[in-house]
Amino acid sequence: MRASIRPGAQQYKAECISTTVFYTGPYKTIAEFATAAWVNWYNNRRLHGTLGNIPPIEYESAHCAALTEQFQPA
Numbered sequence: 001m002r003a004s005i006r007p008g009a010q011q012y013k014a015e016c017i018s019t020t021v022f023y024t025g026p027y028k029t030i031a032e033f034a035t036a037a038w039v040n041w042y043n044n045r046r047l048h049g050t051l052g053n054i055p056p057i058e059y060e061s062a063h064c065a066a067l068t069e070q071f072q073p074a
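Just so you know, we're using my numbering here: the sequence shown kicks off at 1 and counts up by one.
Treat the hints as calculated values from the structure; they're not laboratory data.
Hints are all accurate, no fakes.
Estimated spans, in silico, between C-beta atoms of each pair:
hint: 1; residue 1: 63; residue 2: 40; range: 16 to 22 Å
hint: 2; residue 1: 36; residue 2: 66; range: 28 to 34 Å
hint: 3; residue 1: 65; residue 2: 39; range: 22 to 28 Å
hint: 4; residue 1: 73; residue 2: 35; range: 42 to 48 Å
hint: 5; residue 1: 33; residue 2: 70; range: 38 to 44 Å
hint: 6; residue 1: 71; residue 2: 36; range: 30 to 36 Å
Every residue, glycine too, gets a C-beta built ideally from N, C-alpha and C.
Given these sequences and hints, build the entire structure.
Spelled out as structure tokens, the structure:
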């Protein structure tokens with residue numbers, strides 16, 4: 001399991017921590033905000049190759065709509 005977590009952590013470090021311009025204020029708050037923003041992007045807005053290069057949130061919405069349509073009473 002550790003091996004599957006590592007690439008995500010490396011991507012986070014490369015894209016969030018290493019490139020974030022920190023503003024004035026407590027470091028912990030800024031780091032938490034940057035982390036929350038990155039998690040939101042990663043879970044909802046990034047293009048996911050195995051989902052047809054669409055964001056996961058769009059795939060989930062389409063999937064739920066298809067299930068709802070499939071189980072409508074005739």
